[in-house]
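Chemist: Spelled out, the chains give:
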Amino acid sequence: VQERFGNQSFRMERKTIDLEQGWDYMQTGITKLKRILEGLPEPQFDSEQYMMLYTTIYNMCTQKPPHDYSQQLYDKYREAFEEYINSTVLPALKEKHDEYMLRELVKRWSNHKVMVRWLSRFFYYLDRYFIARRSLPPLNEVGLTCFRDRVYNELHSKVKDAVIALVDKEREGEQIDRALLKNVLDIYVEIGMGQMERYEADFESFMLLDSASYYSRKASSWIQEDSCPDYMLKSEECLKKERERVAHYLHSSSEPKLVEKVQHELLVVYANQLLEKEHSGCRALLRDDKVDDLSRMYRLYHKIAKGLEPVANIFKQHVTAEGNALVQQAEDTATNQAANIASVQEQVLIRKVIELHDKYMVYVVECFQSHTLFHKALKEAFEIFCNKTVAGSSSAELLATFCDNILKKGGSEKLSDEAIEDTLEKVVKLLAYISDKDLFAEFYRKKLARRLLFDRSANDDHERSILTKLKQQCGGQFTSKMEGMVTDLTLARENQTSFEEYLGNNPAANPGIDLTVTVLTTGFWPSYKSFDINLPSEMVKCVEVFKGFYETKTKHRKLTWIYSLGTCHLNGKFDHKPIELVVSTYQAAVLLLFNTTDKLSYNDILTQLNLSHEDLVRLLHSLSCARYKILTKEPSTKTVSQTDSFEFNAKFTDRMRRIKIPLPPVDERKKVVEDVDKDRRYAIDAAIVRIMKSRKVLGHQQLVSECVEQLSRMFKPDIKAIKKRMEDLITRDYLERDKENPNMFRYLA
Amino acid sequence: MPRTASKTTKKRSKPYTVTSSDTDPVPSASSKTKKSSKENDEKYKLFNKYANTSSGVIDPEGIEKLCSKLKVSHTDIKILMLAWKMKSERQGYFTKAEWRRALKALKVDTTKKLKKALPELEEQVRKPLNFADFYAYAFRYCLTDERQNCIDIETICQLLDMVLGSTFRDQVDHFVDYLKIQNDYKVITMDQWMGFYRFCNEISFPDMTNYSLELAWPLILDNFFEWMREKQA
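Residue numbers (our numbering), protein chains in the order written: chain A, 1 to 749; chain B, 1001 to 1233.
Bound conformation, chain B alone (with noise of 0.2 Å):
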């Protein structure tokens, strides 16, 4: 399993630089892979269909574009999953090669075939090694800076909302609630994205019984728990 706290070589999105492979349209005879030249064409095609031209890469217009042919918001999980599969590096955009190891991966080379294949993307996501794994990369797509390494409150919520509010509603309505309404902090960091999702898989909810101050879990998470101990008061 990828190690994902410790990332520091592809934590941050790069800007997107074109390279050779990308516009070539036709794999070169020497490719390692046996793969069949055409069944490469058919996800190259695919990915034509929705990339911008002058770029080489699918852009936001292209991704909502794809979204409405499979029937998702641009805003569901499965999309943040499908970037998750293919190691989408930068938020918004599908490198040529990021869509092709995706649709491998999936083993799927037309629209409707990935259609079918969202679902059980999901379920495979959700077993909980990868789910932690995905958890983490969600955080990190979101990062738009190179130098950036935390993200602003109201993203967080939303986020959260999005990766955890099928598994976890109780939780996220809660913690949501109170990030809102706190002072301390403006931007929540990795330690503190992971921290909560922690918290969701071993502290039971609301009565938090199995919660220890004494323990290391992230400060936010001692003020929320403090929080939560005087609403329920």
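Isolated chain A (complex conformation) (with noise of 0.2 Å):
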């Protein structure tokens, strides 16, 4: 039908028209249109018809009173829907069913559509002042409403019951016609005028209900028959088809509501049987390195609500445990086996959980998509195992050993410059996990003493990388020491060179033998014991020479000699042939005390020396009960007694020239744990007053949290070590309990 008439002023004679003449010849038009849809044949309109009817209303309404008919023309227009409706639609729509029905359904929805169009076109009058003054529903509102309240609310639930079971039908694998569903839908939420209301309350609440039974039966079988990763296949798979379902012909607004109905189903109500499953869970996934399904798990869980909690949780159970056995093993080898191999093994213990960290990274970065809950799981697994003790030396001993191991020439390790750095890259990261940092610190710094002052540093470049790194990680003051120590070495290469020159110049003052002082700065290096050793007059002469060379270069300074850390080379005048010995100075000591008597008691060089009998017994067994015996031991028993008596072995050879006599060092662990012990004391102390200061006034419970969380930077302080701090600064008067509540405390300025 011509929509546009146009200019053309259609003057129709302006006879009144009274509404039953006006209404029959309406009734023609509505006739005509209602052949239409039936698809009776019947020509379309033209634009004259189409303009008389238009103004066959427009008169009536124009028309003066009482000969406005407006109201009854707007009644009447409401009742030709009723009337088609009740008379033509709903009996077509009644007597069909399933999908028959909904098609039906659909005709008469478009038809009753185009219906609405045209008519309201027709009494298109009525819309532009009728309403508007009384306030009424415009004409298409009237129009959908009667399809509202005749038809849809009549049929929506068998509507919906037709539509729900083709879902399901399509579900379990058939075809349906989705284009069908889509335009049924589709007059679901178009019969909400603007809401979805309709489309939420009589289809979609129901579909979901539906969704959700549907998929809990074919969960609660599944879980019993299918292994945890065809499970999750299957429910991605749902999944995908649920969302495809939604762009096909649901609402796009049902796609959150059904996916979540669905994931509850298949994945929230079972989730603890899914990941727990014997032989296929979560854990058998871990232990088999299912990357795959894995990765699958976390896709489906993520979008649930806590949903990755439990993966994560086991997750961290797994590290925990493959972490525990690496401890265990090593504890185990090393109960077993003699202390050399057992260090070998501990050494194995630091590289395997290196490697086990790299793989369970690989693990958090692509499978967990670099979630922080599994960041955080794997940094709690490691914080459990990292710090358990094996074989008596804690993680932080194990981990500075094994440094030891990769920067000392000769070291475990031979490996190329570049694996050294990833290496040391790696074991830096490994510290975070360990609380006790100060104790690493420590040790690390022992032992980086004895590869500076013994010259057993492999590589200057690794030494000083690896202090960047520990810098970068833990912090300036972490590493001020080590770095002050490391100079130190340079500083005393340039005076060693000051110092030839010094003798050079004052041949006087040479005292024979080719001397090398490293002076040390005392606050970076470790503590050592200086024992009062009597010292052959040859070596009381090196050290005057060196105080009167250092006088001359600064006048202020203390210089303590630390002979338990110099080398001495003599040569051994044996009948063989003579050997050159090289040993430590307390060593050289004993031996040279033989130049000038052969034969020497326990006793005789205890008095000589002035040394303890532990220090004393020490040295004598490694020059004649070990691998070379340059002293003979009367009697020859295996251990030095305090009764035995010593001689110069002048039969002692080696194919060697020169041989290196170790002196096996004391154990440095217990001084070590007892320097970090103090040093805790002090810095518990520091922290306690620091925030006591800062807050004057402060609970008992947060004081002791915030002191462990500045502190957790260096390690993890006791509580009762805490307790016990406290009550010392309380018994100094720097704290006082106060006087209502005795578990605060107050800062006494």
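By construction, these hints were calculated from the structure, which means they are not laboratory data.
In this text, all values refer to a predicted model and were calculated from it rather than measured experimentally.
Don't take each hint at face value.
[Unchecked claim] Now the in silico label distances, taken between C-beta atoms and shown as ranges:
1. Arg1147(B) <-> Thr518(A): 43 to 53 Å
2. Asn387(A) <-> Gln1124(B): 53 to 63 Å
3. Arg1147(B) <-> Ala626(A): 46 to 56 Å
4. Asn610(A) <-> Gln1091(B): 45 to 55 Å
5. Leu1129(B) <-> Ala749(A): 23 to 33 Å
6. Arg690(A) <-> Lys1065(B): 55 to 65 Å
7. Arg669(A) <-> Ile1153(B): 25 to 35 Å
8. Gln1091(B) <-> Thr518(A): 54 to 64 Å
9. Glu383(A) <-> Glu1214(B): 19 to 29 Å
10. Gln317(A) <-> Asn1183(B): 32 to 42 Å
11. Ser498(A) <-> Ile1153(B): 52 to 62 Å
[Unchecked claim] Listed below are several chain B residues computed to face chain A (Cβ distance under 8 Å; list not exhaustive):
12. Asn1149
13. Thr1189
14. Asp1191
15. Arg1198
16. Glu1214
17. Leu1215
18. Ala1216
19. Pro1218
20. Leu1219
For every residue, glycine included, the Cβ atom is placed at its ideal position computed from N, Cα and C.
Each chain sits in its own coordinate frame; assemble them with the hints.
Modeler: If you want it as structure tokens, here you go:
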């Protein structure tokens, strides 16, 4: 039907049209329209017909009262729909069922919309003034409301059932007419006239319920029959299909709700059973490195609120178990084997822990998309087993020993530069998991000192590199002393050059022995016990000469000699051939006694040297009972006792021209632990005072927790230790308890 | 109520010094108090009965004599309470001023009256407000040196028995047992001392169900608590 009638002013005779007459005319138009809709042979409206109908209404509305029939026409407009629906539409629908009914409904709805469109054009004039004046619903709405009230309200429930039946059919794998469903559901949407209420209440809510029970049934059987990976695959597939369903015929607003329901039935309800499935659940997947399945698990549970928590938990438990197993393995090997093999095993442990970390970090990044929960789980897992003791060595010590092995000459690691850098990087990362970082620092420092002082450092660049990494990770304070040590060595070399120059210029001062002195800055280096050993006169001269030189450089410094760290090269004039002996200063002092006397008793040596029994036994053992017997002992038992006597072993020989006679190092562990404990006491004191100074008044628990937090960068303070320090500070009048509340503390200025 | 824990001024006992008022047998006429010289006289006469004439104070010997006259043992808590009443600063010695202070407060001037007043004194001291002060005083009283601020375990055990034995027998017995076998502490500080008093008052014993390691109890009491728990297990 042509719509435009342009400027053609078709003037009808303004004869008053009475209602019945006018309505009869309109009825012809309506009937024509109905015939067209019914598909009966009927030509389309032409523009003249259209115009006539429109004008009829126009006139009837603009006539003077009592012939202005707006109200009546408005009512009749509605009645037209009602009549058509009651007589034709409804019966047609009621006689059909299922899919046929749906098709009929779509057709009828489409027709109805056409009818509304046309009729409202005919009756348009009502829309212009009448409805506004009376605040009545516009024609379009009236039309739609008729359908809603008469047809939709009658049938929506049946329709809904039919639709859901088809949906379930499709779920079972059958082909259905998706376009039909889309059209049907569009009715639910459109009938809401701008609101989604009808769609949601009359269709969606039922659809969701049905979907939930559908998947509930499926899930309950799948969970019994399927492995976890298979179940997950099915779930993923179902979710994909449901999303497609929405795209094809459901309203888009249904997507999140439907997905939530499906997820709930498939993944939430059975989460525990699924993840904990004995041979295929999360634990098994981790154990068998099933990366794809784990990635799927992540994808599925990522969208569920708190869905990842159980997965992360299992991950954490798994990693912890693996870590614990490594630790236990090392522990078992250590108890079963000799000490030196055991220590190798401990180094192997660190290697394995690094590998474990690398492996599971890949999991975190790739399977679990670097989600914070999993980073946290990994961290917590490592913090658990990385702080366990293995065969009496703390993890801090093991790690320090591991570094020492990499950095020292002839260390157990024969790796490329790049590999070393990489390992050092990883070691520093491991340090983050160790709570006793200060203990690591102290062990590291001790071993660094040995490397530096005995020239056992393999590579200066690596030494500096690891310090940089440690600084980055733990802060400047952590590495300042170590850096000082490295610098000291450089300065010491320069100093030695000056010393040699000095000797050159002062030949009288020359002690007659090649002397190299390394001057250390006290604060940087670990503390060493120094004994007042009676040095042989040759060495005494050396010390004096150097003192003389040193005083020319600086006046206000005190030199304390650490003879326990010195090395001496002696010429051993044995019968067979002379052999150069590389020994410690102490060993040299013992040996040189035999220059003047052939035979000496233990007590002789003790008195002459002024050493402790413990030290002397160690020294004499290394010279008379170990691999190289420079001295013969009488009686030649395996250990040194205070009644023994010693003689220079002139018969000693070796195929080498120079041999090193090692002095087994004193176990530094005890001292390191003591030193660290002492430092911790100061650190706790300082933290408490610092906190109380700024807070003035603070409750006990808060003070303790702030203290723990402040110190956590370096170590995990024992609560009892904190309490003890607090009590000490009370006694020293730094703090007092509050009078009213003994759980509160005040700072005393 | 006098503040006990933060008492910094009179914490240490000072060595006895002779002041003019102590040696003066007759109070000066310009004395501010309207005390009759006669009353003071009596107190001084009584004082002189027990005092050491050369040092001018009642010394341990004099106290022994006093105790026997009062028919109490010198380890009786009532003597300590008397010391508290007179704010005595040095264990084993009563000065004239201290003596007068106590007798004035008790309103007595003869040994017989003093003896009668002792039970009442005890009752008064045992009142919670006074007792806390007395308890803290007991600790300070045992400090022998000005620089000292803690007391050895053995003395503490005796002191606890004397001071708290009658009211908290159970707690004292167990705690004393513990103190004797533990090795963490060789001396007890004022804070620990007061802590134990608070423990007796606040914690039900021996179940100790309302004790918490999370709170600010002195560490020695935490250790005591754990020891008790182990024993009870």
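Chemist: For every hint, state whether the structure bears it out.
Modeler: Against the structure, the hints come out as follows:
no.: 1; hint: Arg1147(B) <-> Thr518(A): 43 to 53 Å; in the structure: holds (45 Å)
no.: 2; hint: Asn387(A) <-> Gln1124(B): 53 to 63 Å; in the structure: holds (58 Å)
no.: 3; hint: Arg1147(B) <-> Ala626(A): 46 to 56 Å; in the structure: holds (53 Å)
no.: 4; hint: Asn610(A) <-> Gln1091(B): 45 to 55 Å; in the structure: holds (48 Å)
no.: 5; hint: Leu1129(B) <-> Ala749(A): 23 to 33 Å; in the structure: holds (29 Å)
no.: 6; hint: Arg690(A) <-> Lys1065(B): 55 to 65 Å; in the structure: holds (56 Å)
no.: 7; hint: Arg669(A) <-> Ile1153(B): 25 to 35 Å; in the structure: holds (33 Å)
no.: 8; hint: Gln1091(B) <-> Thr518(A): 54 to 64 Å; in the structure: holds (59 Å)
no.: 9; hint: Glu383(A) <-> Glu1214(B): 19 to 29 Å; in the structure: holds (23 Å)
no.: 10; hint: Gln317(A) <-> Asn1183(B): 32 to 42 Å; in the structure: holds (40 Å)
no.: 11; hint: Ser498(A) <-> Ile1153(B): 52 to 62 Å; in the structure: holds (59 Å)
no.: 12; hint: Asn1149; in the structure: holds (6 Å)
no.: 13; hint: Thr1189; in the structure: holds (5 Å)
no.: 14; hint: Asp1191; in the structure: holds (5 Å)
no.: 15; hint: Arg1198; in the structure: holds (6 Å)
no.: 16; hint: Glu1214; in the structure: holds (6 Å)
no.: 17; hint: Leu1215; in the structure: holds (6 Å)
no.: 18; hint: Ala1216; in the structure: holds (3 Å)
no.: 19; hint: Pro1218; in the structure: holds (6 Å)
no.: 20; hint: Leu1219; in the structure: holds (5 Å)
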